[in-house]
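Chemist: Chain residues, written in single-letter form:
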Amino acid sequence: MALPPDRLEAAHRALVERFGPDRVLTDFRDRMAYAYDATGIKYPPDVVVFPLSTEDAADAVRIAAHHGLPIVARGGGTNISGGTVPIRGGLCLALNRMDRILDIDPENHTATVQPGVRNLALQEALKPHGFFFAPDPSSHRVSTIGGNAGENAGGPHCLKYGVTVNHVLGLTLVLADGSVVRLGGPEQDRPGFDLVSLLVGSEGTLGIITELVVRILPLPAEVRTLLAVFDDLEVAMRTVSDIIAARVVPATMELLDRGTIEVVERFARAGYPEDAEAVLLIEVDGPQESVAEELDRVEAICRRNGARDLRIAQSEAEREALWLGRRAAYGAAGRLSAYVWTQDVTVPRDRLVEMLRACQAIGRKYGIRIISVAHAGDGNLHPLVAYDPQDADQVRRVKAADREILEACVALGGSISGEHGIGHDKLPNLELQLGPDLLGLMWSVRRAFDPDLRLNPGKAVAAPSRNV
Amino acid sequence: MPEGGTTAPQAILQPAGLDELARLLREARGGPGLAPWGAGSQWARWGRVPGAALDLRALPVEPRLSAANLTVTVPACWRLEELDALLAPHGLWYPIDTGDGGAATVGGHLAAATSGIRRTGLGPARDWVLGMRAVLADGREVRIGGEMIKNVAGYNLHRVLVGSLGMLAVLVEATLRIAPRPERHVTLRARFETPAAAWGALSPLRRRASTLVAAEWLRAGDGVEVLLAFEGPARAVDHQAAEAAREIRSAAGLAVPAGGGDGGAAAARGGDMAVYGGEGVTVVEGDAAAVLWDARRERLLSPAALRLRAGVRPSDLPRLWAAVAEVFAGRPWDGIARGYGGVVEIVVPAGGDAAGGDSARGEASRGAGQPGEAAGCAALVLDLRRRAEALGGYLQVRGALPGTVEDLPWTSASPDGHLHRRLKAVFDPAGVLAGAHFLLPEPAEPAAAAAAAAGAATARGIAGEKGGSAGGNL
Ligand SMILES: Cc1cc2nc3c(=O)[nH]c(=O)nc-3n(C[C@H](O)[C@H](O)[C@H](O)COP(=O)(O)OP(=O)(O)OC[C@H]3O[C@@H](n4cnc5c(N)ncnc54)[C@H](O)[C@@H]3O)c2cc1C
Ligand SMILES: Cc1cc2nc3c(=O)[nH]c(=O)nc-3n(C[C@H](O)[C@H](O)[C@H](O)COP(=O)(O)OP(=O)(O)OC[C@H]3O[C@@H](n4cnc5c(N)ncnc54)[C@H](O)[C@@H]3O)c2cc1C
Numbered sequence: 001m002a003l004p005p006d007r008l009e010a011a012h013r014a015l016v017e018r019f020g021p022d023r024v025l026t027d028f029r030d031r032m033a034y035a036y037d038a039t040g041i042k043y044p045p046d047v048v049v050f051p052l053s054t055e056d057a058a059d060a061v062r063i064a065a066h067h068g069l070p071i072v073a074r075g076g077g078t079n080i081s082g083g084t085v086p087i088r089g090g091l092c093l094a095l096n097r098m099d100r101i102l103d104i105d106p107e108n109h110t111a112t113v114q115p116g117v118r119n120l121a122l123q124e125a126l127k128p129h130g131f132f133f134a135p136d137p138s139s140h141r142v143s144t145i146g147g148n149a150g151e152n153a154g155g156p157h158c159l160k161y162g163v164t165v166n167h168v169l170g171l172t173l174v175l176a177d178g179s180v181v182r183l184g185g186p187e188q189d190r191p192g193f194d195l196v197s198l199l200v201g202s203e204g205t206l207g208i209i210t211e212l213v214v215r216i217l218p219l220p221a222e223v224r225t226l227l228a229v230f231d232d233l234e235v236a237m238r239t240v241s242d243i244i245a246a247r248v249v250p251a252t253m254e255l256l257d258r259g260t261i262e263v264v265e266r267f268a269r270a271g272y273p274e275d276a277e278a279v280l281l282i283e284v285d286g287p288q289e290s291v292a293e294e295l296d297r298v299e300a301i302c303r304r305n306g307a308r309d310l311r312i313a314q315s316e317a318e319r320e321a322l323w324l325g326r327r328a329a330y331g332a333a334g335r336l337s338a339y340v341w342t343q344d345v346t347v348p349r350d351r352l353v354e355m356l357r358a359c360q361a362i363g364r365k366y367g368i369r370i371i372s373v374a375h376a377g378d379g380n381l382h383p384l385v386a387y388d389p390q391d392a393d394q395v396r397r398v399k400a401a402d403r404e405i406l407e408a409c410v411a412l413g414g415s416i417s418g419e420h421g422i423g424h425d426k427l428p429n430l431e432l433q434l435g436p437d438l439l440g441l442m443w444s445v446r447r448a449f450d451p452d453l454r455l456n457p458g459k460a461v462a463a464p465s466r467n468v
Numbered sequence: 469m470p471e472g473g474t475t476a477p478q479a480i481l482q483p484a485g486l487d488e489l490a491r492l493l494r495e496a497r498g499g500p501g502l503a504p505w506g507a508g509s510q511w512a513r514w515g516r517v518p519g520a521a522l523d524l525r526a527l528p529v530e531p532r533l534s535a536a537n538l539t540v541t542v543p544a545c546w547r548l549e550e551l552d553a554l555l556a557p558h559g560l561w562y563p564i565d566t567g568d569g570g571a572a573t574v575g576g577h578l579a580a581a582t583s584g585i586r587r588t589g590l591g592p593a594r595d596w597v598l599g600m601r602a603v604l605a606d607g608r609e610v611r612i613g614g615e616m617i618k619n620v621a622g623y624n625l626h627r628v629l630v631g632s633l634g635m636l637a638v639l640v641e642a643t644l645r646i647a648p649r650p651e652r653h654v655t656l657r658a659r660f661e662t663p664a665a666a667w668g669a670l671s672p673l674r675r676r677a678s679t680l681v682a683a684e685w686l687r688a689g690d691g692v693e694v695l696l697a698f699e700g701p702a703r704a705v706d707h708q709a710a711e712a713a714r715e716i717r718s719a720a721g722l723a724v725p726a727g728g729g730d731g732g733a734a735a736a737r738g739g740d741m742a743v744y745g746g747e748g749v750t751v752v753e754g755d756a757a758a759v760l761w762d763a764r765r766e767r768l769l770s771p772a773a774l775r776l777r778a779g780v781r782p783s784d785l786p787r788l789w790a791a792v793a794e795v796f797a798g799r800p801w802d803g804i805a806r807g808y809g810g811v812v813e814i815v816v817p818a819g820g821d822a823a824g825g826d827s828a829r830g831e832a833s834r835g836a837g838q839p840g841e842a843a844g845c846a847a848l849v850l851d852l853r854r855r856a857e858a859l860g861g862y863l864q865v866r867g868a869l870p871g872t873v874e875d876l877p878w879t880s881a882s883p884d885g886h887l888h889r890r891l892k893a894v895f896d897p898a899g900v901l902a903g904a905h906f907l908l909p910e911p912a913e914p915a916a917a918a919a920a921a922a923g924a925a926t927a928r929g930i931a932g933e934k935g936g937s938a939g940g941n942l
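Residue numbers (the numbering used here), protein chains in the order written: chain A, 1 to 468; chain B, 469 to 942.
Please keep in mind that the hints were generated in silico from the structure rather than gathered at the bench.
Warning: the hint list may mix true and false statements.
Partner residues are not named here, just some residues of chain B that face chain A (Cβ under 8 Å, in silico) [stated by the list, open to error]:
| hint | residue |
| --- | --- |
| 1 | 547 |
| 2 | 549 |
| 3 | 612 |
| 4 | 668 |
| 5 | 671 |
| 6 | 879 |
We treat Cβ as the ideally placed atom computed from N, Cα and C, and that holds for glycine.
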């Protein structure tokens with residue numbers, strides 16, 4: 001749906017007048033740099049603006065609204081769901097220059113940041129104060145706090161600490177009409193409905209976040225890392241349940257299946273045994289007195305369940321070595337073919353083995369290779385599907401397999417996305433999980449915030465297929 | 469028995485099935501509005517009674533416990549003590565203590581977003597909710613979320629329903645995260661000469677004490693008594709509680725009573741306890757700890773003419789506390805605060821003494837024995853509201869006998885008020901669910917057309933409501 005050239009022209013002029021030529025991109029090549037995200041889909045925006053403040057963002061939204069342009073908020077552009085791809089063109093609000101940490105308040109355990117602060121930059125700023133920000137998506141070097149909130153991102157450590165929505169206390173928001181509101185804040189139990197929770201995970205469809213008050217946590221005094229090797233996938237998963245039942249909440253419990261171990265060993269040589277059915281990477285953290293006790297319990301459970309090898313890191317270098325295989329998993333999978341699709345599903349934790357088996361069976365049925373890594377403690381599985389986008393037959397089979405994976409996950413009582421979001425990519429499958437009534441309700445919420453559907457159209461939440 | 473025994477709605481509708489619930493909701497369109505009713509404990513405290521209440525106890529819903537997934541799905545009409553009875557034999561619990569000894573229903577607890585004392589360590593109640601089954605105002609049933617722990621498909625509506633005050637949907641079932649019961653519990657008690665001294669001593673503690681789950685402040689004359697709860701693995705709890713006791717003993721402003729005993733008023737009521745420690749800090753566990761926490765609850769729930777809640781950023785709690793003391797100087801009042809949360813519940817008693825008052829100073833004799841004596845509080849409340857807002861915080865009336873605060877809005881109008889109204893209009897365009905609408909902030913500026921329409925519907929919804937008739941027991 002191309003916008004009429006005269007309308008675009010007028011919008012360009014108004015934006016350049018307000019922001020100056022340096023903060024507005026109109027050249028095609030410049031705009032192409034904002035056309036993509038981590039999915040590989042590409043649609044250029046018609047214009048890119050770099051706000052530096054809430055007022056800037058509000059003015060840009062007002063100008064875009066006046067001229068009828070769709071508005072897409074963009075942080076680091078690392079999402080894996082097509083969330084920042086301007087599929088209908090319009091204005092890309094590039095928030096990466098709003099990258100100031102406004103306040104770190106160790107006394108109140110809060111930090112106030114602009115949305116373009118990179119996750120890693122916040123972690124580095126917090127470290128000297130003895131604090132950290134719990135959400136830690138693996139994209140932390142590039143992804144932004146605004147984007148983490150946009151997707152309600154998780155990470156390897158959210159088993160113990162929760163996902164982004166558990167850590168956002170307050171937001172400053174530019175609404176679709178350019179008005180500005182503050183929601184929540186560092187004060188607990190503010191009267192009214194919980195609009196902060198509504199906004200977190202809304203993928204830029206309900207408002208543009210221009211400031212966040214987030215909860216920060218004291219850095220744990222000690223971290224211990226352990227790798228347990230299993231000959232049986234079921235036993236590895238039972239170990240996960242046993243650990244939790246034994247009153248231990250590890251910071252992390254990551255699982256790699258046999259296929260992933262093979263690929264990791266071929267390309268990254270992490271030293272995981274290639275004939276193992278599964279490895280569990282477990283980390284416990286906290287004050288010294290509890291970490292020692294927890295590590296003992298984890299070790300005992302792994303041994304009791306017949307782990308064939310247990311490696312406990314004794315130094316930071318050894319810890320890094322144990323993590324190497326997990327960190328290398330995506331990259332290694334990418335070496336299998338021209339492209340790797342990272343699926344993201346969750347099921348109740350006790351159904352994870354069934355989900356893993358279902359993926360293996362679906363892979364066999366369609367003749368494609370599916371390997372899996374999981375945030376096992378959370379029941380969050382990432383099947384990795386390597387394929388060649390140029391091979392039409394492969395693409396067809398991958399698509400069919402993908403739909404079956406989502407159907408299997410919904411049948412097991414799961415969610416079609418645990419952390420990567422719905423974006424553009426999963427929108428056609430959303431109703432599978434939500435059903436028409438709930439989807440219809442969400443659609444109405446969206447329209448109540450954005451009656452003209454200007455904010456990130458074609459993403460996150462759609463009208464239900466039947467009229468409800 | 470909740471204190472609301474004296475109040476009851478005019479009509480109580482008790483649907484026997486979801487179809488009937490849907491029909492009742494549809495038939496209520498254009499009427500005075502319905503309010504979901506749990507155990508009625510909040511209603512009793514608010515001193516408001518809905519004209520027509522929806523009682524869900526007859527709905528057939530089966531609980532489902534998944535110990536391996538650490539989740540439980542329970543009917544909204546279940547009392548928290550019933551939930552506990554299901555979980556306890558498995559060594560599990562739902563750790564959110566709503567502060568009423570388990571009498572509240574799951575639905576009422578979630579709709580009112582009560583988070584209890586462990587919020588400091590365990591987060592707000594909505595962090596423990598994974599899914600909900602709800603019936604919308606037009607009778608349609610929706611299932612939001614589920615038993616999966618992570619879920620980013622669509623908006624976080626199940627979290628929004630936590631705290632929805634019976635205004636957005638009727639909750640019929642909730643899926644909650646549960647946890648193993650903690651291995652060990654230790655409570656520490658100390659008394660500080662001033663709230664500022666308490667903050668000074670306690671603020672550094674929680675950085676290291678990962679097992680510190682609750683920190684409550686109770687008024688003790690000009691100072692405060694603090695109760696700290698440590699829960700978790702035995703070794704860590706013992707170590708951290710001992711460290712904390714050591715630090716507090718050397719803190720400035722600690723009130724050390726003569727004889728090295730304990731300084732709090734609760735001890736007198738508590739009777740014999742297994743107490744060890746001393747030098748101004750008492751360390752207790754088991755039944756002795758329970759006595760202290762029960763005493764706190766009694767103070768919170770004691771009969772009141774007026775109940776207020778104020779919240780500021782946590783480090784401003786001493787300033788807020790000082791403001792309360794100034795505004796209520798010469799009157800009996802009690803304060804119970806979430807130490808690291810910056811939230812204080814203020815109880816102006818309906819008669820006799822305020823638990824936290826210093827009766828030696830004759831304050832109690834001027835207690836508001838009759839509702840009428842608490843009259844004229846509107847000016848005080850406004851004054852305190854101004855002071856709380858000047859600190860960036862808020863003040864909300866949470867219960868008032870007729871005449872105490874006149875027509876003062878219970879909640880300040882807020883610049884985001886129009887968004888709350890819009891959300892209300894989406895969920896309940898016909899204004900069927902009146903709920904506890906008096907706790908929802910009004911828009912601070914003239915609202916947009918859609919919001920105004922929703923507001924009108926809500927106003928219709930409350931027309932049939934009776935005023936408080938709690939007879940001195942809010
Ligand atoms: C290698 C790799 C590893 C990853 N690992 C993880 C992981 O472990 N866990 C995980 O959860 N995700 C992971 N992701 C996905 C992605 O990194 C996260 O979703 C991340 O939070 C996106 O942040 P971003 O700044 O890149 O946001 P973007 O991609 O720029 O935006 C994400 C969404 O948020 C919206 N948005 C951005 N900023 C704002 C704002 N200020 N206001 C309103 N809406 C806004 C956008 O419109 C879009 O819908 C990974 C991605 C990659 C490429
Ligand atoms: C005397 C007393 C004092 C208390 N003081 C405190 C306190 O200070 N702080 C605290 O945190 N807790 C307190 N509690 C606990 C608190 O009352 C409960 O946690 C809970 O909020 C009320 O539960 P209920 O079942 O009595 O709900 P009710 O009082 O019946 O209802 C509370 C609200 O929830 C709505 N509601 C009820 N059920 C549903 C449903 N199924 N669907 C939708 N909406 C519903 C109602 O419409 C109403 O708005 C107190 C309890 C008592 C008995």
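Chemist: Looking back at the numbered hints, which does the structure fail to meet, lowest number first?
Modeler: 1, 2 and 4
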